[in-house]
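J.: Sequence order for the protein chains is X and W.
1 is the number of the first residue of the first sequence in my numbering; add one for each residue after it.
1 is the number of the first residue of the second sequence in my numbering; add one for each residue after it.
Take these hints with a grain of salt, some might be off.
What the hints assert, rightly or not - Ranges between beta-carbon positions, derived for each pair:
1. Ser240(W) x Gly35(X): 52 to 58 Å
2. Ser34(X) x Arg181(W): 34 to 40 Å
3. Glu198(W) x Lys39(X): 50 to 56 Å
4. Leu36(X) x Arg181(W): 38 to 44 Å
5. Tyr16(W) x Glu114(X): 28 to 34 Å
Stated by the list, open to error - A short list of chain X residues far from chain W (calculated; beta carbon distances all over 12 Å):
6. Ala53
7. Leu345
8. Ala432
Read the hints as simulated data drawn from the structure, not as lab findings.
Just so you know, even glycine gets a beta-carbon here, dropped at the ideal spot from N, CA and C.
Here is how the chains run, residue by residue.
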Amino acid sequence: MMGVEPLSPVGLWPAVARLLRLQFRIFVSGLRRSGLRGKLGAAAITVLMLSVAGFILAMSVGLLHLLQSPGLRAAFPEIGPLLARVPGVVVALGFFAILGTSFGVSLQSLYLAEDMDFLLSAPIPIRAVFVAKLLQAILPNLALVALGALPLLVGLGVSSGYSLLYYPLAALMLVGAALAAGGLGSLLVMAVVRIFPARRVAEVLGATVAVVSVVCSQSGQFARPGTIGQRQVSTALRLLASLDVPWSPLAWPGRALAGVGEGRWLAGAGFGLLALGAAGLTFWVALASAERLYYSGWARMQSSPRRRSVARAPRRVSARAAAVPAARFLPRAVAAIVAKDWAVLRRDLRNLSQLITPLILGVVYAAMLLRTGGLPAGEEGDAPAWLLQGLRGAMGYANIGIALFVGWTMLQRLGALGFSHEGRNYWLVKSAPVSAGQLLAAKFLAAYLPSLAISWGFVGMLALVQRSWGTAWFSLPVVAFCLAGADGVCLAFGVAGARMDWEDPRQMLSFSSGCLSALVSGVVLGTGIGLFALPQVVLGLLGLPPVVGQLAGLAVGGAFCVACAIVAPWLVRGRVTRLGES
Amino acid sequence: MPTTPLIELQHLVKRYGDKTAVDDVTLEVRAGEIFGFLGPNGAGKTTTIRVVVGLLQPTSGTVRVGGYDVQTQPLQAKAICGYVPDQPNLYAKLTARELLRFVGDLYGVKRSQVERRIEELLRLFDLTAAGDDTIDSYSHGMKQKTALAAALMHDPRVLVLDEPTVGLDPKSARLFKDILRQMADRGAAVFLSTHILEIAEHMCDRIGIIDRGRLIAVGTMEELRALGKGERSLEDIFLSLTGGAEYAEIAEVLR
Numbered sequence: 001m002m003g004v005e006p007l008s009p010v011g012l013w014p015a016v017a018r019l020l021r022l023q024f025r026i027f028v029s030g031l032r033r034s035g036l037r038g039k040l041g042a043a044a045i046t047v048l049m050l051s052v053a054g055f056i057l058a059m060s061v062g063l064l065h066l067l068q069s070p071g072l073r074a075a076f077p078e079i080g081p082l083l084a085r086v087p088g089v090v091v092a093l094g095f096f097a098i099l100g101t102s103f104g105v106s107l108q109s110l111y112l113a114e115d116m117d118f119l120l121s122a123p124i125p126i127r128a129v130f131v132a133k134l135l136q137a138i139l140p141n142l143a144l145v146a147l148g149a150l151p152l153l154v155g156l157g158v159s160s161g162y163s164l165l166y167y168p169l170a171a172l173m174l175v176g177a178a179l180a181a182g183g184l185g186s187l188l189v190m191a192v193v194r195i196f197p198a199r200r201v202a203e204v205l206g207a208t209v210a211v212v213s214v215v216c217s218q219s220g221q222f223a224r225p226g227t228i229g230q231r232q233v234s235t236a237l238r239l240l241a242s243l244d245v246p247w248s249p250l251a252w253p254g255r256a257l258a259g260v261g262e263g264r265w266l267a268g269a270g271f272g273l274l275a276l277g278a279a280g281l282t283f284w285v286a287l288a289s290a291e292r293l294y295y296s297g298w299a300r301m302q303s304s305p306r307r308r309s310v311a312r313a314p315r316r317v318s319a320r321a322a323a324v325p326a327a328r329f330l331p332r333a334v335a336a337i338v339a340k341d342w343a344v345l346r347r348d349l350r351n352l353s354q355l356i357t358p359l360i361l362g363v364v365y366a367a368m369l370l371r372t373g374g375l376p377a378g379e380e381g382d383a384p385a386w387l388l389q390g391l392r393g394a395m396g397y398a399n400i401g402i403a404l405f406v407g408w409t410m411l412q413r414l415g416a417l418g419f420s421h422e423g424r425n426y427w428l429v430k431s432a433p434v435s436a437g438q439l440l441a442a443k444f445l446a447a448y449l450p451s452l453a454i455s456w457g458f459v460g461m462l463a464l465v466q467r468s469w470g471t472a473w474f475s476l477p478v479v480a481f482c483l484a485g486a487d488g489v490c491l492a493f494g495v496a497g498a499r500m501d502w503e504d505p506r507q508m509l510s511f512s513s514g515c516l517s518a519l520v521s522g523v524v525l526g527t528g529i530g531l532f533a534l535p536q537v538v539l540g541l542l543g544l545p546p547v548v549g550q551l552a553g554l555a556v557g558g559a560f561c562v563a564c565a566i567v568a569p570w571l572v573r574g575r576v577t578r579l580g581e582s
Numbered sequence: 001m002p003t004t005p006l007i008e009l010q011h012l013v014k015r016y017g018d019k020t021a022v023d024d025v026t027l028e029v030r031a032g033e034i035f036g037f038l039g040p041n042g043a044g045k046t047t048t049i050r051v052v053v054g055l056l057q058p059t060s061g062t063v064r065v066g067g068y069d070v071q072t073q074p075l076q077a078k079a080i081c082g083y084v085p086d087q088p089n090l091y092a093k094l095t096a097r098e099l100l101r102f103v104g105d106l107y108g109v110k111r112s113q114v115e116r117r118i119e120e121l122l123r124l125f126d127l128t129a130a131g132d133d134t135i136d137s138y139s140h141g142m143k144q145k146t147a148l149a150a151a152l153m154h155d156p157r158v159l160v161l162d163e164p165t166v167g168l169d170p171k172s173a174r175l176f177k178d179i180l181r182q183m184a185d186r187g188a189a190v191f192l193s194t195h196i197l198e199i200a201e202h203m204c205d206r207i208g209i210i211d212r213g214r215l216i217a218v219g220t221m222e223e224l225r226a227l228g229k230g231e232r233s234l235e236d237i238f239l240s241l242t243g244g245a246e247y248a249e250i251a252e253v254l255r
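For reference, chain X alone in the conformation it holds in the complex:
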């Protein structure tokens, strides 16, 4: 046998340090290996984040100074207690932010990274693996939260003249909240993965985050700041006050910070010890439980029997496609690929989240359009009548614009990524007796038909609400032609930049092809709309009826769009047969 001396046991913290150092090396190595673009991107993001932190600090100091001015305090006596509650609110928000984000990171590091077996079989304490994993889940999120929260807390301290001890304690409270949140997050992950497969959870999580992000980002469009009154402010303040109760662990950090900052040492120290003790205990319990649950196999064994991802009844994908009247006119292989693509897209939640985004945006913009009643937002003022009339006319085309925006956004996903979405499965189609033309036709239709259906849905819905059926007959073919042209361009760039060996869906398409696809298809849409509208203007000036102009517009714009839809894919047809060969 080999005469290798057994290794001396490694202590807990040296082992944790080794594991964290390994992660750091992986990070640095990834950064080193990334191209110039990646390095510049990382540098730009760092500068941007530091700038945001600096901005928050400057704004906090300025705003809080203003709020503490004697005049304002005399006018609004609630300001004093409100400011004292800011640290508690900030730490509590940080806790929930880290709890939310650490769920995804814990899921990745405990279940999806697939290095747990390797690490657990190494001659290091098992606890070190879990400490490192939890810290791995917490540290990046803590850094992000601290980037926003610390400047705010420091700004409050500066503007309120808090004692020096307040500043390190603020950082300590954030760390405590992060440890507790990260620990609870890991337990939550184990409980969820006990019921659902980890990859499915990751898909649902990604889709939920994407949808919630879009909804939150767009919800501001509906806000009417002018309608916020004293009553709403008072309600918000009462809600804050009701959360700040001495028995709530979430209130302890805030009370500790306010106490230490204002020189109420006993209260500050008491709540500080309580907060840190609770955070430490939560982390330790979570750590010990996670270790025990994982090592015993509980967390790795799903409690429910293997779930069927689709309905038990056999799904007749191709039969259903054949039932669509248009599918009967398609070659069988083309209809099969279209039906397959739709089935795969529908069942992968990552795709759904990308497709829901344009729908949400479309609904938001349509609602805004309807709210303004077809007129530009704001007061009419002294604007001349001809300008208002012109704007009303232009807003009539907003229906087409919204419908095209939704369709164009969907095409960026369905059209540009149609081929690369096949990924490593492309061998199945490529080794089958299917020509490049059939493949292009299938991918074109798989992207075009749903985009067109949704866009037409928007046109119809807006026409119904606005009762403007007169323009709908023109809008529908315009949208159909424009989307066909844009789809052809997206498909062509999708073929040109397709990557079939991707692991990360964000790397499906080369960066330049993705940009060019969006840019050129946008230009095609703009040019198409211009060609549809131009004959109307010209023939209108010649005194011809509007319908003649619209028909001429359909002929000119339609020819342009159809040419784009055919020529662009035709140019890349040779590359289709070479995809996946690298």
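Model the placement of chain W on the given structure of chain X, informed by the hints.
T.: Frame of chain X; chain W shown alone:
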């Protein structure tokens, strides 16, 4: 004795930049024959196979499948060919039943036969119960069996398999071997690469050995034995032809 060549490679060369993956390979596989394709890792087996099934464009040389040139008549060549890759990458979000139906549509299997064929194949591979589960819930072996079922969906005259028995349990591996033998007995040409020399020795009618892109030996077991220096087993012949210096190095490290 089988005579009709269903796979013909003539002076096949495939280069990736400066690297020559396949270097002037000429061979043929006849109807009713199981041809084993052996070679060390990185010898060019998978590249050759990918050229045969039309997934890779050759740098030079010709490949004919069923008499059709894979370059100039790809659709005809692909229509009679079934392929099982080394990694069973299948659409994770389709069920096995949907995948087989999709393949049936791609290969133009008669509509009236598609459903019957699917049920036959699912039953044959013991996948009936899992037939409506999405493939992402399958084990490696189940995926491998689904890939073979897909390759058999259109009853191909030529079957090309890249490491088909990797990751299969003994029962499934036996099933694979029986199916390949039956296919050959019915007049199909079976071209398979494998690292398991026992399979090649007992299953294959003829064997080709490729090393560093070059076909260094081809023939029946008896013909290969005649080529060697008195070795009897295929393992000894293979190591003798492809070199075994690395094993001495391993022994040195483990000593």
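J.: Give a verdict on every hint.
T.: Going through the hints against the structure:
The supplied range of 52 to 58 Å is broken by serine 240(W) and glycine 35(X), whose beta-carbon atoms lie about 46 Å from each other. A hinted range of 34 to 40 Å for the beta carbons of serine 34(X) and arginine 181(W) is inconsistent with their spacing of about 51 Å. Separation of glutamate 198(W) from lysine 39(X) is about 51 Å and conforms to the stated range, judged on CB atoms against 50 to 56 Å. Between leucine 36(X) and arginine 181(W) the Cβ separation comes to about 56 Å, which falls outside the hinted range of 38 to 44 Å.
Checking the proposed 28 to 34 Å range against tyrosine 16(W) and glutamate 114(X) shows it holds: the Cβ atoms sit about 29 Å from each other. Distance to chain W confirms alanine 53(X) as a non-interface residue, since its nearest Cβ pair spans about 41 Å, more than 12 Å. Distance to chain W contradicts leucine 345(X) as a non-interface residue, since its nearest Cβ pair spans about 8 Å, not more than 12 Å. A cut-off of 12 Å between C-beta atoms contradicts the statement that alanine 432(X) is not in contact with chain W; the least separation is 4 Å.
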